[in-house]
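Q: Sequence:
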Amino acid sequence: AALNKSISNSLYPKSLTRVAASVFAQESLNCPNFLRKYGFQRFPQVSEEEREFPLAFIILFHKDLDQVMFLLRAIYRPQNIYCLSVDLNSDISLINAARSVTACFDNVFLVKKLEPIVYAGFSRLKADLHCMDELVAVPVKWKYLFNMPGQQFPLSIIMQLILSLNNILCIKHHFPSLGKHVVAETVGRNPPPPHNFRIVKGSAYGTFSRAFIEFALKTRQAQDLIEWSRDIESPDEYVWSTLHHTDIMVVPGGYTGEPDAKRAMTTFVAWEREVPCATIYVRWIFISFSPDLPMLARRQELFANKFYIDHHPTALHCMDEFIFNLTVTNTVRDLSFYRDLPFIRRG
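Residue numbers (our numbering): 32 to 378.
Just so you know, the hints here were simulated from the structure itself, not pulled from any lab data.
The reader is advised that the hints may include incorrect statements.
What the hints assert, rightly or not - Once the Cα atoms are required to be at most 20 Å apart in a straight line, the calculated PhoX-like pairs of lysine-lysine come out as:
(1) K94 with K144
(2) K143 with K157
(3) K174 with K249
Let the hints inform the model, and build the full structure from the sequences given.
A: Here is the structure:
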């Protein structure tokens, strides 16, 4: 595997044909051709179980619309709802292309309010909150929400997500990054958190029940915590986990056990401090490439982070084919891993 430094990078292609944002913008002017060309109609008919269990997705990105299209296509099903959020610092051509592409879908939209993302700043959290506000207002009565960066990719098919999530209230994990700018450190200390919240560090991204999202958006205590987090570093890595683990109130899907004892379910991440690397790390996270695919195919997590389309892109192309084959054959793996997790809370 590529997590072995003895692997030779020269064995694997390092470049494949890219699709520029301007090309997506032009081709999406003809929506039927666009959807057909880029494979959004390639999957089998939606099952009754899928139709009755719609999901919501947030994808936040700042570059590489062609990679985002890989991700969107892999997780796309017509009964779900998708909110795209582009870093306002991005090139305007990327933002316009994303807006043009989403016009071809009834269930994919660009969030109305974009944020200029500052790495480890409050804007990263706000970007998700804007999408969440819009997602709870749409007619689609989705059951669970996944938020993710554009460099993430699924390890499971949508049916696997549905079967593993059925009756689970809230699960979350991992610590990725996004943004060109960095929050400034100050000499002043932040005041204590409101309502005696015990602060728990966790993840910017995860899997959330609709009830948990509505709780976070509408409960005064949750809103006070969000407001308090404006001046801390990486508030997106604290707010969700703090709410999820609090014992000062009843939280939908809350977990009051030991946070560090939880096994990751949502996303697999290979950290620099944990594994050797044959290619590169970006902000302490290993970028997957082709020799990792057998290992990734055996992982029980629902997603892997991260892939770069401009760094050994065959890995991304092969993962896309892997997910396609699982989907058309309706191949679902053993679900006992998910059911046996100690932090699962069933409704």
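Q: Under the criterion that the straight-line Cα-Cα distance not exceed 20 Å, is the pair K143, K157 satisfied?
A: The hint holds at about 12 Å.
Q: Would you mind confirming whether the straight-line C-alpha gap from K94 to K144 stays at or under 20 Å?
A: Given pair K94, K144 holds - Cα atoms ~18 Å apart, limit 20 Å.
Q: When you check the alpha-carbon spacing of K174 and K249, does it fall within 20 Å?
A: Answer holds: K174 to K249 is near 17 Å, not above 20 Å.
Checked against the numbered hints given earlier, this structure breaks none of them.
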